[in-house]
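**Student:** Chain by chain, the residues run as shown.
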Amino acid sequence: METNINFEPKIIAFVCNWCTYTGADLAGTSRLKYAHNVRIIKLPCTGRIDPLFIIKAFEKGADGVLVSGCHPGDCHYTSGNFHARRRWILFNQLLNFAGIDNRRVHFSWVSASEGRKWVDVINEVIETVRKARPFVGYSKMNKEYVYNE
Amino acid sequence: MNNLYNIAKDLFSTNKVDLIIGYKSIDSRRTKPIFVSSNEDVDHLVFNEYSLNNLSVYLTRKDIKKYNKIGILAKGCDIRAIVQLINENQIEREKILIISKKCNGVVKDFGLEYNEENIAEKCKSCKVRTPKVFDLMIDSEEEKKLPEPTISSRVNELDSMTPEERFEFWRNEFSKCIRCYACRQACPLCYCERCIVDKNIPDWIESSPTQRANFSWNLIRAFHLSGRCIGCGECERVCPVDIPLSLLNAKMGIVAFKEFNYATGMEIGEPTLVGNYSNEDNEDFIK
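Chains as they are written, first to last, in the numbering used here: chain A, 1 to 149; chain B, 1 to 287.
No lab work stands behind these hints: they were computed from the structure. Worth double-checking, as some hints may not be accurate.
To be verified - So the derived label-pair ranges between C-beta atoms look like this:
# : chain 1 : residue 1 : chain 2 : residue 2 : range
1 : A       : Asn102    : B       : Lys16     : 49 to 55 Å
2 : B       : Asp109    : A       : Phe53     : 34 to 40 Å
3 : A       : Glu124    : B       : Glu148    : 42 to 48 Å
4 : B       : Lys62     : A       : Val136    : 42 to 48 Å
5 : B       : Asn118    : A       : Ala35     : 53 to 59 Å
6 : B       : Gly275    : A       : Glu127    : 34 to 40 Å
7 : A       : Glu124    : B       : Ser160    : 24 to 30 Å
8 : A       : Arg31     : B       : Pro149    : 57 to 63 Å
Where a beta carbon is used, it is the ideal one built from N, C-alpha and C, also for glycine.
Whole structure, please, built from the sequences with the hints as guidance.
**Tutor:** As structure tokens, then:
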């Protein structure tokens with residue numbers, strides 16, 4: 001059942017208020033259709049996205065995570081996305097080293113005018129996560145105390 | 001003669017320090033930290049291959065910060081931690097007097113005899129056995145050759161596994177964790193007055209020692225030390241259940257070096273890794 005490739009993955013998208021969220025809005029007002037598996041969480045800036053959020057999303061049962069914000073140079077707060085990018089480089093490789101498949105964690109730059117790109121990114125992310133199968137590792141981990149093992 | 005006893009005695013009698021943080025022998029193969037504030041206790045000080053603790057952890061403590069000038073015994077690796085603390089504006093260079101020596105490695109743990117087999121892993125790949133930043137140097141043996149390091153081959157071994165295998169490996173390791181936070185307490189760079197794991201509104205990291213919560217805690221600990229860890233290996237040494245934490249830290253050190261050509265705590269005044277950015281940072285992985 002859980003290895004069914006046709007499952008509907010749960011994707012959490014952490015997006016910045018100024019570019020990607022507005023881009024997603026544009027996709028909506030332009031009546032572009034995209035896969036419905038994504039839950040968007042809007043934050044002021046990609047610099048506000050603590051890697052803890054990504055871990056929490058997996059803890060709560062997400063199959064994949066997308067983090068998206070303004071293109072470099074376009075940040076509303078000048079440098080938030082530059083700081084975020086450096087953090088992602090480190091965190092992305094840490095997650096991979098800890099055994100969380102890189103196919104589950106995605107990053108993108110989507111500007112306010114790129115409604116089309118948002119649709120493509122979402123569809124691509126969902127197909128990749130679908131191939132990676134449901135993430136049973138994290139959310140199904142033992143929630144009981146383990147020290148008496 | 002530049003031995004530890006003379007140096008310390010001199011420092012106190014000329015009022016150059018108010019406190020010396022050092023090591024005291026318990027038996028022939030064990031030491032413990034000691035805080036010397038006058039000439040009387042100076043003869044307790046030792047500095048040898050059983051001086052394991054990274055004493056720089058005390059420099060950010062409130063009751064130590066109140067001293068005007070602090071002398072500290074530090075090996076090359078400990079000095080990297082001090083340099084990083086200075087670069088992160090946690091301590092002032094002028095207030096610290098670093099007493100160091102050329103280091104031929106320390107033992108893995110207390111109670112072990114000092115020989116090739118028992119040398120700590122971190123020492124084998126150490127690049128600061130003759131320290132670059134220090135104030136006083138005590139007479140010490142010249143550097144001798146240590147055995148070849150194995151840590152990077154262990155990292156490579158993990159890298160060559162599939163993600164599922166790696167996940168299983170870490171799940172097994174982390175499920176031993178009893179959340180004693182000894183790793184955090186022993187770490188010189190874990191100086192937050194209130195750790196994220198102690199904040200419970202909202203409860204970002206569950207505090208019960210469950211598999212899931214342990215995974216989150218250890219990942220976040222590793223991330224918060226990315227580009228900051230100097231590899232003193234204290235976290236792994238104090239871990240009561242022997243989780244190979246230095247594997248995680250070593251991996252992040254390798255990443256920081258590969259991506260940013262950055263090695264932590266080598267030079268005073270160097271900008272911190274995560275506190276800065278460059279327009280040229282790699283973004284191949286970003287869509």
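**Student:** Against the structure shown, which of the earlier numbered hints fail to hold, in ascending order?
**Tutor:** none
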